[in-house]
Structure formats: C-alpha cells, structure tokens
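Take the sequences, apply the hints, and build the full model.
According to UniProt numbering, the sequence shown is numbered sequentially starting from 1.
Any given hint might turn out to be false.
Once the Cα atoms are required to be at most 27 Å apart in a straight line, the calculated DSS-like pairs of lysine-lysine come out as [unchecked claim]:
| # | residue 1 | residue 2 |
| --- | --- | --- |
| 1 | 10 | 222 |
| 2 | 198 | 188 |
| 3 | 257 | 222 |
| 4 | 257 | 242 |
| 5 | 198 | 36 |
| 6 | 162 | 246 |
| 7 | 213 | 228 |
| 8 | 105 | 188 |
| 9 | 198 | 10 |
| 10 | 228 | 103 |
| 11 | 25 | 222 |
| 12 | 103 | 198 |
| 13 | 246 | 273 |
| 14 | 261 | 198 |
| 15 | 103 | 86 |
| 16 | 198 | 213 |
| 17 | 213 | 246 |
| 18 | 222 | 235 |
| 19 | 257 | 280 |
| 20 | 25 | 36 |
| 21 | 228 | 36 |
| 22 | 222 | 44 |
| 23 | 44 | 162 |
| 24 | 103 | 36 |
| 25 | 44 | 235 |
| 26 | 272 | 261 |
| 27 | 242 | 36 |
| 28 | 10 | 162 |
| 29 | 222 | 36 |
| 30 | 272 | 257 |
| 31 | 44 | 213 |
Beta-carbon label-pair distances, calculated as ranges [stated by the list, open to error]:
| # | residue 1 | residue 2 | range |
| --- | --- | --- | --- |
| 32 | 261 | 206 | 17 to 23 Å |
| 33 | 92 | 21 | 48 to 54 Å |
| 34 | 210 | 67 | 34 to 40 Å |
| 35 | 261 | 205 | 48 to 54 Å |
| 36 | 67 | 118 | 17 to 23 Å |
| 37 | 107 | 175 | 20 to 26 Å |
| 38 | 221 | 105 | 43 to 49 Å |
| 39 | 278 | 227 | 45 to 51 Å |
| 40 | 265 | 34 | 52 to 58 Å |
These are computed hints drawn from the structure, not numbers from a lab.
Glycine included, each C-beta is placed from N, C-alpha and C at the ideal position.
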Amino acid sequence: MAVVTAQMVKELREMTLAGMSDCKKALDAAEGDMEKAVVILREKGLATAAKKASRAASEGVVTTVVDNNNLGFVFEVNCETDFVTKNDGFQAFVNNLQTLISKTKPQNLESLLVSSYDSANSVKDAATSLVAQIGENITVRRFERVGSGKNFVTSYVHGGGKIGVLVELSGSGIEAHANNQALIELGKDVALQAAAMKPQFLNEQEIPAETIKAEEEIIRNKFIQQGKPEAALAKIVPSSIKTWFKEICLVDQLFVKDDSKSVAAYVADTGKKLGISELKVTSFVRLELGQGVEKKAEDFAAEVAATVAAAAKG
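Put into structure tokens, the structure is as follows:
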C-alpha cells in the first residue's frame with residue numbers, strides 16, 4: 001500500500017475542505033491517488049471544494065493588456081518569492097512586456113517568447129538575463145489572447161496581480177458602443193464575476209461529455225450512499241447536474257450584482273437598454289497566479305502530523 005504522508009493529507013484538505021481524518025481515510029482507500037481520494041470524499045458528501053488550483057502555488061504576477069477595447073491579452077510571469085515581485089527589474093520587465101504585447105499583438109505564448117524584447121534579445125533571452133541579475137528563476141509561463149478585433153473586450157486584475165480576467169462581449173453593432181460607459185461597466189462587472197466565482201466554462205456546451213458523465217457518476221454514488229432509491233435517481237441526478245452547470249458555467253451563474261438573474265440574462269437585458277440586440281458573453285479567460293505550479297514542501301501544522309500518526313496507530 002502506498003505511504004500516505006502529512007503533505008498529501010494537507011493537500012487533499014486544501015483541495016476539498018474535508019476533515020483531516022476523512023482525508024487520511026480517503027487517501028488510504030485510494031492507495032495514495034489524490035484524484036481518486038477527491039472522488040471518494042465527494043461521493044461521501046464530505047468535500048465542499050475540489051480545485052486542483054488549490055494545490056498549486058507560485059509567486060509572480062498576472063496582468064492584462066486591452067487594445068482599442070476589442071482585443072485583449074492576459075499573461076503570467078512567475079518568480080520564486082513574493083519579494084522579487086517588488087524588484088524594480090522585475091516590474092520593468094512586466095511593464096515592457098505590456099508595451100511589447102500592445103505593439104506586436106502576439107498570437108500565442110510561443111510567438112511572444114521569440115518576439116524581440118530589445119535590439120539584442122528575445123523575450124525569452126531577456127527573462128534569462130533577468131534571472132542572472134535577480135538570482136531567481138523568472139519565466140513567462142502563460143499567455144492568452146481574446147477577441148477578433150470586432151467585439152468588445154475588457155479586463156480585470158485582482159489583488160495586485162493574483163488573478164487576471166479577460167471578457168469578450170458580442171452583439172449587433174457593438175463596435176459603435178465601444179466607448180459607452182454603461183457597456184464598459186457591464187464588461188467590468190462580468191470580469192469581476194469571473195474573478196470572484198471561478199467559473200470553469202463559459203456555458204454547458206463547452207463542458208466535455210466525459211466530464212459531465214464523471215460528475216453524473218459522482219452524484220449518483222453520493223445519493224446511493226445516502227440511501228436514495230434507484231427510481232428517484234432518474235430525477236435527482238439530472239436536477240443536480242443542472243445545479244452544477246449554474247456553479248461552473250459563467251453565463252449560467254447568478255449575477256453577483258443582481259442575483260435574481262443569471263449572467264446571461266443580465267447581459268441581454270443591459271443590451272436591450274443600450275440598443276445592442278443579442279448582447280452576450282462570447283468568451284472569457286481567467287488566469288490565477290500559480291495554477292499548475294507545484295510549491296516546495298513546507299513544515300506543516302502539528303495537528304496534521306498528529307492526525308496522521310493517530311490514524312496510523314489506529
């Protein structure tokens with residue numbers, strides 16, 4: 001059987017918000033497989049969160065560039081410590097990237113990295129030079145582009161660079177309203193929604209079929225363990241999936257500023273007021289600092305180690 005460590009228990013607890021002893025039992029049952037342990041906890045109704053992002057941690061900054069209200073870019077520059085984000089050289093590098101991106105409008109991360117940073121260096125080379133100056137690893141890790149130049153694009157950066165969001169809105173004749181303050185405010189509000197509510201998809205059509213199937217199985221097993229009869233599951237599971245859509249799909253979420261409407265309905269209603277027919281959210285990108293980056297192990301709370309030790313003795 002795989003050895004379950006205090007580190008693993010802590011990670012699972014952060015991912016699911018379940019109790020430590022429950023996390024230890026789930027990891028034992030899953031033989032150390034973190035993803036299987038999450039499923040076990042969710043089926044038992046013990047997990048109130050299951051976010052891979054909570055396992056990831058890194059320092060640096062996420063920031064955005066919006067050009068002419070119709071083309072947006074969001075990118076992440078990572079470093080090893082928060083102290084470095086306050087370094088003049090690091091901040092100058094990020095500011096220069098914003099200027100470069102606005103000017104060259106790269107299509108993807110690869111094209112950004114090979115872009116000329118100055119007369120002698122590419123962006124990738126400039127980052128490498130910065131490593132030598134600062135003494136920490138510096139990487140331009142992620143980059144996303146939103147908009148075709150025809151729709152309305154806005155952005156929001158939260159927490160001084162902890163979260164960056166781009167939102168694209170489309171509608172009939174929206175180009176003529178690009179400088180309309182009400183449209184700008186609406187875009188910002190939707191971006192704030194995405195930052196705060198962490199949607200995983202724009203709408204249910206974007207969710208892969210296998211993801212929906214896996215969620216249906218988790219919901220089914222959860223209610224079976226609660227003693228629900230098979231006949232009742234035919235109604236319970238579809239209803240629960242619809243509720244799940246409203247949690248993870250941006251346009252289906254209740255709008256934070258008016259929870260009597262979904263985001264989609266609020267946007268459409270605002271469009272009517274502005275004279276923009278069929279106004280809708282076309283796409284969005286949300287980058288949270290450190291997603292997918294493993295952090296070095298730390299010394300954990302004594303209660304975690306004590307719980308694991310007690311479980312081992314038991």
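Hint check results:
1. Between the alpha carbons of residue 10 and residue 222 the distance comes to roughly 23 Å, so the proposed pair stays at or under 27 Å and holds.
2. Distance hint between residue 198 and residue 188 is fulfilled; the C-alpha atoms sit about 15 Å from each other, no more than 27 Å.
3. Annotation: proposed proximity of residue 257 to residue 222 is violated, straight-line Cα distance about 33 Å (limit 27 Å).
4. The suggested pairing of residue 257 with residue 242 holds, with an alpha-carbon distance near 22 Å, which does not exceed 27 Å.
5. A distance of roughly 23 Å separates the Cα atoms of residue 198 and residue 36; the hinted pair therefore holds under the 27 Å criterion.
6. For the hint linking residue 162 to residue 246, the alpha-carbon distance of about 25 Å falls within 27 Å, and the restraint holds.
7. For the proposed pair residue 213 and residue 228, the alpha carbon gap of about 19 Å is at most 27 Å, so the pair holds.
8. With a CA separation close to 22 Å, the supplied pair residue 105 and residue 188 stays within the 27 Å bound.
9. With a C-alpha separation of about 22 Å, the suggested pair residue 198 and residue 10 falls inside the 27 Å cut-off, and the hint holds.
10. For the given pair, residue 228 sits about 60 Å from residue 103 by alpha-carbon distance, which is inconsistent with the 27 Å threshold.
11. Simply put, residue 25 and residue 222 have alpha-carbon atoms about 17 Å apart, close enough for the 27 Å limit, and the pair holds.
12. The straight-line distance between the Cα atoms of residue 103 and residue 198 is roughly 30 Å, outside the 27 Å bound, and the hint therefore fails.
13. Between residue 246 and residue 273, the direct Cα distance comes to roughly 25 Å. Compliance with the 27 Å bound is thereby established for this hinted pair.
14. Simply put, residue 261 and residue 198 have alpha-carbon atoms about 18 Å apart, close enough for the 27 Å limit, and the pair holds.
15. Straight-line distance between C-alpha atoms of residue 103 and residue 86 comes to about 25 Å, which keeps the hinted pair within the 27 Å bound.
16. Our distance criterion of 27 Å between C-alpha atoms is met by residue 198 and residue 213, whose separation comes to about 21 Å.
17. At roughly 17 Å between alpha-carbon atoms, residue 213 and residue 246 fall within 27 Å of each other, so this suggested pair holds.
18. With a CA separation close to 14 Å, the supplied pair residue 222 and residue 235 stays within the 27 Å bound.
19. Distance check on the hinted pair: residue 257 and residue 280 sit about 17 Å apart at the alpha-carbon level, within 27 Å; holds.
20. Annotation: proposed proximity of residue 25 to residue 36 holds, straight-line Cα distance about 12 Å (limit 27 Å).
21. Of the pairs offered as hints, the one joining residue 228 and residue 36 holds, with about 23 Å between alpha carbons and a cut-off of 27 Å not exceeded.
22. For the suggested pair residue 222 and residue 44, the alpha carbons sit about 6 Å apart, so the restraint of at most 27 Å is met.
23. For the proposed pair residue 44 and residue 162, the alpha carbon gap of about 33 Å is over 27 Å, so the pair is violated.
24. For a cut-off of 27 Å, the pair hint linking residue 103 to residue 36 is broken: about 46 Å separates their Cα positions.
25. Proximity of residue 44 to residue 235 is assessed by CA-CA distance (about 20 Å); at most 27 Å being required, the pair is judged to hold.
26. Between residue 272 and residue 261 the alpha-carbon distance is near 15 Å, which keeps this suggested pair within the 27 Å criterion.
27. Straight-line distance between C-alpha atoms of residue 242 and residue 36 comes to about 24 Å, which keeps the hinted pair within the 27 Å bound.
28. At roughly 22 Å between alpha-carbon atoms, residue 10 and residue 162 fall within 27 Å of each other, so this suggested pair holds.
29. For the hint linking residue 222 to residue 36, the alpha-carbon distance of about 14 Å falls within 27 Å, and the restraint holds.
30. Of the pairs offered as hints, the one joining residue 272 and residue 257 holds, with about 18 Å between alpha carbons and a cut-off of 27 Å not exceeded.
31. A hinted pair counts as satisfied when its Cα atoms are at most 27 Å apart, and residue 44 with residue 213 qualifies at roughly 18 Å.
32. Taking the beta carbon of each, residue 261 and residue 206 are about 21 Å apart, inside 17 to 23 Å as hinted.
33. Judged by the Cβ atoms, the range 48 to 54 Å given for residue 92 and residue 21 holds: they are separated by roughly 49 Å.
34. Range check, residue 210 to residue 67: Cβ separation about 37 Å, and the 34 to 40 Å hint holds.
35. Taken as a hint, the range 48 to 54 Å is violated for the pair residue 261 and residue 205, whose Cβ atoms sit roughly 20 Å apart.
36. Restraint check, residue 67 to residue 118: a C-beta distance of roughly 21 Å satisfies the suggested window 17 to 23 Å.
37. Separated by about 22 Å at the C-beta atoms, residue 107 and residue 175 satisfy the suggested range of 20 to 26 Å.
38. Judged by the Cβ atoms, the range 43 to 49 Å given for residue 221 and residue 105 holds: they are separated by roughly 48 Å.
39. At roughly 47 Å, the beta carbons of residue 278 and residue 227 sit within the given window of 45 to 51 Å.
40. Remark: the range hint 52 to 58 Å for residue 265 to residue 34 is contradicted by a beta-carbon distance near 38 Å.
Of the numbered hints listed earlier, those contradicted by the structure are 3, 10, 12, 23, 24, 35 and 40.
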